[in-house]
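Asks: Heads up: the sequence shown is residues 701 to 848, going by the numbering used here.
In case anyone wonders, no lab produced these hints; they're calculated from the structure.
Mixed in with the good hints, there may be bad ones.
[To be verified] Distance condition first, Cα-Cα at most 20 Å in a straight line; then the derived SDA-like pairs of lysine to any residue:
1) K742 with G815
2) K773 with K818
3) K818 with H740
4) K820 with V782
5) K747 with G769
6) K773 with A835
7) K765 with I735
8) K767 with M791
9) K742 with K814
10) K733 with L834
11) K796 with I833
12) K818 with S737
13) K767 with R830
14) K820 with G751
15) K758 with I816
16) K767 with R790
17) K765 with E732
18) K820 with S731
19) K758 with A835
20) K796 with H812
21) K742 with K773
22) K767 with G832
23) K820 with R797
24) K742 with G832
25) K733 with V824
26) K765 with G751
27) K733 with N776
28) K814 with K767
29) K820 with I833
30) K796 with K814
31) K765 with N795
32) K733 with E823
33) K765 with L834
[Stated by the list, open to error] Pair by pair, the computed Cβ-Cβ distance ranges are:
34) I816 with A793: 16 to 26 Å
35) T839 with A792: 29 to 39 Å
36) A838 with K796: 29 to 39 Å
37) D741 with S794: 13 to 23 Å
38) L834 with A793: 24 to 34 Å
39) E826 with A749: 14 to 24 Å
Backbone N, C-alpha and C define an ideal beta-carbon position, used for all residues, glycine too.
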Amino acid sequence: MRRLFLLTILSCSLTGLKAQEAQKQATVSESEKGIASYYHDKFTGRKTANGEVFTNDKFTAASNKLKLGSYVKVTNLSNGEVVYVKINDRMAASNKRLIDLASIAAKRLNFHQKGITKVKVEEVSEEEGRAGILAQRATDAPVRNNEF
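Sequences are here, hints too, so could you generate the full structure?
Replies: Spelled out as structure tokens, the structure:
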């Protein structure tokens, strides 16, 4: 009887793990369109929702819809520019924008001067997100004057 009980618990645990893995894989390819903005410099040095210290020179972002710790590919719909960021913060509950990017990401998407832009946000795997961020850091060129 005890063995049957233990086997039942083990079976339920494995089923739960498989369901979690399937759910995790299902969200990786989701995408959504919306408005992006970027952080003001006044937030530099403050803690983010996941405990990291915010700085505008890291490829990070805030979102109320995307899971903390997830990686996303953000495409500026007006010019096709792409940036990869890690979601590490939340926005004010009243904020209706899809994503709030660190300044470095807004500059890479070429909307820093404009303030907001329409974007497509796609969840990507951690591997793709980290690789994208590393590639961006490696190719960071000095910012042009018209991007301020």
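Asks: Next, verify each hint and record whether it holds.
Replies: Outcome of the hint check:
1. K742 with G815: holds, 15 Å
2. K773 with K818: The given pair, whose Cα atoms are some 14 Å apart, holds under the 20 Å limit.
3. K818 with H740: Distance of about 18 Å is within 20 Å: holds.
4. K820 with V782: holds, 9 Å
5. K747 with G769: Given that 20 Å is the threshold and the Cα spacing comes to 15 Å, the pair holds.
6. K773 with A835: holds, 13 Å
7. K765 with I735: With Cα atoms ~13 Å apart, K765 and I735 stay inside 20 Å; holds.
8. K767 with M791: Given pair K767, M791 holds - Cα atoms ~12 Å apart, limit 20 Å.
9. K742 with K814: holds, 18 Å
10. K733 with L834: violated, 25 Å
11. K796 with I833: violated, 26 Å
12. K818 with S737: Holds, because 9 Å separates the two Cα atoms, which is no more than 20 Å.
13. K767 with R830: holds, 16 Å
14. K820 with G751: Outside the cut-off at roughly 27 Å; violated.
15. K758 with I816: Between K758 and I816 the Cα gap is close to 19 Å, so the pair holds against 20 Å.
16. K767 with R790: holds, 10 Å
17. K765 with E732: The hint holds at about 10 Å.
18. K820 with S731: OK: K820 and S731 at ~7 Å, within 20 Å.
19. K758 with A835: holds, 13 Å
20. K796 with H812: holds, 19 Å
21. K742 with K773: violated, 25 Å
22. K767 with G832: holds, 18 Å
23. K820 with R797: The given pair, whose Cα atoms are some 12 Å apart, holds under the 20 Å limit.
24. K742 with G832: violated, 27 Å
25. K733 with V824: holds, 15 Å
26. K765 with G751: holds, 18 Å
27. K733 with N776: holds, 10 Å
28. K814 with K767: violated, 27 Å
29. K820 with I833: holds, 17 Å
30. K796 with K814: holds, 18 Å
31. K765 with N795: The hint holds at about 11 Å.
32. K733 with E823: Holds, at about 12 Å.
33. K765 with L834: Not satisfied, since the Cα-Cα distance of roughly 25 Å exceeds 20 Å.
34. I816 with A793: 16 to 26 Å: holds, 19 Å
35. T839 with A792: 29 to 39 Å: About 33 Å separates the Cβ atoms of T839 and A792, which means 29 to 39 Å holds.
36. A838 with K796: 29 to 39 Å: holds, 35 Å
37. D741 with S794: 13 to 23 Å: Since D741 and S794 have Cβ atoms about 21 Å apart, the given range 13 to 23 Å holds.
38. L834 with A793: 24 to 34 Å: holds, 33 Å
39. E826 with A749: 14 to 24 Å: Cβ of E826 to Cβ of A749: about 18 Å, so the range 14 to 24 Å holds.
In this structure, the hints that do not hold are numbers 10, 11, 14, 21, 24, 28, 33, in rising order.
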